[in-house]
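Student: This is what each chain is made of:
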Amino acid sequence: MLIVFAAFVVFSVISLLREYKKDKKSIRIIQIALLLLFHLASFLSIFLQIHLGNAPGLSARSVLTLYIGQVLFLMLMAVVIPLFTELNRNLNLVMCMFITVGFVIQTRLDFDVAVRQFFILLFGAVMFFVFVFFCKRAKFLRNLTWVYFGVSAALLVLVLVLAQYSYGAKLAIDLGFISFQPMEFVKILFVLFVAAAFHHANNIKTVIITAVCAAIHCGILALCNDLGSALTIFVIYVLMVFVARKNIFYIIGGFVGLGAAGFAGYKLFPHVRVRISSWIDPWSDIDNRGYQIAQSLFAIGTGGWFGVGLFGGSPNSIPVVNNDFVFSAICEEMGGLFGIFLILLCLCFALMMMKIAIKIEMVFYKLLAFGLAATYAFQVFLTIGGVIKFIPSTGMNIPLISSGGSSLLGSMIIFGMIQALYVLSVHNNVKGVRK
Amino acid sequence: MKKSRNFLNIDIIAISTFFTLLFVALCVCMVVFLANDASTVINNPYNRRSENLKKKVLRGIIYSEDDDILAFSENGEDGSEIRAYPYGREFAHVVGFDVNGALGLESSYNYNLLSPGVGFFKNISNEINGVKSPGKNIRTTLDVPLQEACYKALNNISGGVIVMDPSTGSVKALVSAPDFDPASVAENWDSIISDDNNGVLFNRVTQGAILPAEIQAGDITMDFEIFTDEKAFSVQDETDGDGLSTLYQMAQYVCAAANGGKLMKTILVSEILDADNNVLSKTKYSEAETLLTADECAQLLEFMQNNVTSGNCGMVKSDSYDVFAIKGECVADDPEADYEYEHSYFMCIAQKDDEKIVVCVMIENKQESNTEAIEAAKEILDYYFRQGIYD
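From first to last, the protein sequence lines are chains A and B.
Residues in the first sequence are numbered consecutively from 1, following the numbering used here.
Residues in the second sequence are numbered consecutively from 1001, following the numbering used here.
By construction, these hints were calculated from the structure, which means they are not laboratory data.
Remember, predicted model here, so these are calculated numbers, not experimental data.
It cannot be assumed that every hint is accurate.
Restraint ranges, calculated between C-beta atoms of paired labels, are given here [stated by the list, open to error]: (1) Asn-1365/B x Leu-52/A: 51 to 61 Å; (2) Glu-1051/B x Asp-281/A: 49 to 59 Å; (3) Asp-287/A x Ile-1193/B: 14 to 24 Å; (4) Val-1099/B x Leu-52/A: 48 to 58 Å; (5) Ala-1025/B x Ile-216/A: 44 to 54 Å; (6) Leu-44/A x Lys-1122/B: 13 to 23 Å.
Glycine residues also receive a C-beta, built at the ideal position from the N, C-alpha and C atoms.
Using the sequences and the accompanying hints, generate a full structural model.
Tutor: Right under this line is the structure:
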């Protein structure tokens, strides 16, 4: 499994380094084979464990049904669709690999969650294509600056008013049948907003107006105690302004502001102090504040380099393992080396998106692609850094691998938009307009 | 046109590079954690993952320095696993037990003992055949005859003994009394813990600081507040601030004095072995910190030597080896007692040719000053160096 996955990552890196035009079809065919082989090997090992009686509560028949469903889904996404569309196939393949890893680990962690995830992804795939075709055609998207801001701010206010606290922060609105996390969509709207604003007028006035709007976002998120998201919005904003204005002082100013905000946050929110103290020393209060990070480190440490094998460990002892801490479960059972390759694949994916941003010339689309890529990269960094005790835990999740429904949909929309931008960049119809 | 385009992209490339660095840092952090910290972290008693392994792995063997078996497991007739301790009470505290919360090496190396000590494929084939794979074994630095000598010398008087090799930091013997039978801890659990007057589970060498945190030795102030990270000993944290130390901390200080001021990291487990006793990992000798300058060492040793030649430690004087020693008492802090208790301690360095050992003894709760600690140490030293002659 590890070898198959590692080989896939190596090929992905090779295709990242190539020019689009010189792309080798043979590599992609090998990659598709590796992807399906990885999926097959993982499920064979799940079946073996069911047979050995190590997987209580799992019936081989229902797992087989899910497996077949997943294979059909992957075949559709990775093989059939690219034949009929102009998508960036490398990006699409890596995306499918994340989906596969998510399928495998969620099936192992909680079968019901995995089934739910499968259906959400089916819907997500529809959204993906809707956005591919929609963004490609809809020129008015770049003019909706204030619509983006309005919707996104409204969603945040809804969260602030309606959401219940879970794990110390207001995150989700409970709609009765489904719990909905608006933040996953706010991120997208915010990137659209900033991109549209700078497309309209790339001057200092825009910087000031958008800065106020970003501050409103961060402020509401801080009131919701969702400081990880506030940090993400802040960093994305600073990076986008830097790319739009081409001035290094925005970055410097941004980080000074970040330091000040971080210090204020530390003083104002007990929540933050808990996160920091459990990051510095999880061991002294292991029953309480340090519990989650300690369990995560136990999982990763126990897994070692090569992992204890699916169903060999006890990842369910980590709170919210399906979501924020899914990386620990992956490391425990598939191995720390697998985890390292996964980090590399995420990086590769982020760089592929950055590469698309580089190819585009029109400010709106360029900023949009860049903003979405940076959102992805920063979020993955926060999540993985949090669970391996590199940085304090912020409560984010890994797109497409974690189980959250809103996150899956949001991610599919992001990648749909990126693919649309790729198609646009290939067609050269975004060059040189309105610089 | 061309120029401005390139200029724009430098920004994105710079930020991409920055993200690349962040992700590489994540990978480095993972590698460092797995290579360095993971082995300590996973043996934390809060890591309950070992419960799963118990079903699949036959707990490994704990060996002494000379491959005497201190603890091993065998399959009982009904398929359950029986843990046996051939030396029983003599190694009770240092080896410990793995039931009812676990103690000693059985606790701190729990995870290693329960990890499969066979190859990946062998492990899988065992699992398919429904056979338990043997766990990893550990080799300690403990010396069985010396430990037995210490056990006899302490004679089950409430207290503790530790013998260390100052040049390597290895623990050669560690005895705490009163003791218990490690093999029957589960059956006798209620009586073991209810016996609160004695606290038999208490390791009087490494736990419960009751000795002074510093003493004056001539011009030198010996400050015992030393904290090394030997995971086998859960030395209490410095935050206690009660101005007291353990016998183990005293022994470390004396080791540093015997080793030219350099304190070596304590070693109790020298090697982790696979099921066939091939070495998987070896603990390296390493310096923890420099506690004393050469000058201070010389002064301290002179003070300790005078104690033996013309002071209160004359009893340990020997013709066949040199001894440097300090003897002391401290008042026990027990307000409920109607008469005054005292703890007595004795620490010494003994040397013959190139052979050097540190012996520290502590006797608890005596009504008046006594000579039991120094007598026990004398017995241990005589045994050790007499044995050396026959070697």
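Student: For every hint, state whether the structure bears it out.
Tutor: Going down the list of hints, with the structure as the test:
1. Taking the beta carbon of each, Asn-1365/B and Leu-52/A are about 55 Å apart, inside 51 to 61 Å as hinted.
2. Separation of Glu-1051/B from Asp-281/A is about 26 Å and departs from the stated range, judged on CB atoms against 49 to 59 Å.
3. Checked against the hint of 14 to 24 Å, the pair Asp-287/A and Ile-1193/B passes, with Cβ atoms roughly 21 Å apart.
4. Take Val-1099/B and Leu-52/A: their Cβ atoms lie about 27 Å apart, and the range 48 to 58 Å is violated.
5. Restraint check, Ala-1025/B to Ile-216/A: a C-beta distance of roughly 32 Å breaks the suggested window 44 to 54 Å.
6. A hinted range of 13 to 23 Å holds for the C-beta pair Leu-44/A and Lys-1122/B, which are about 20 Å apart.
Checked against the numbered hints above, the structure breaks hints 2, 4 and 5 and satisfies the rest.
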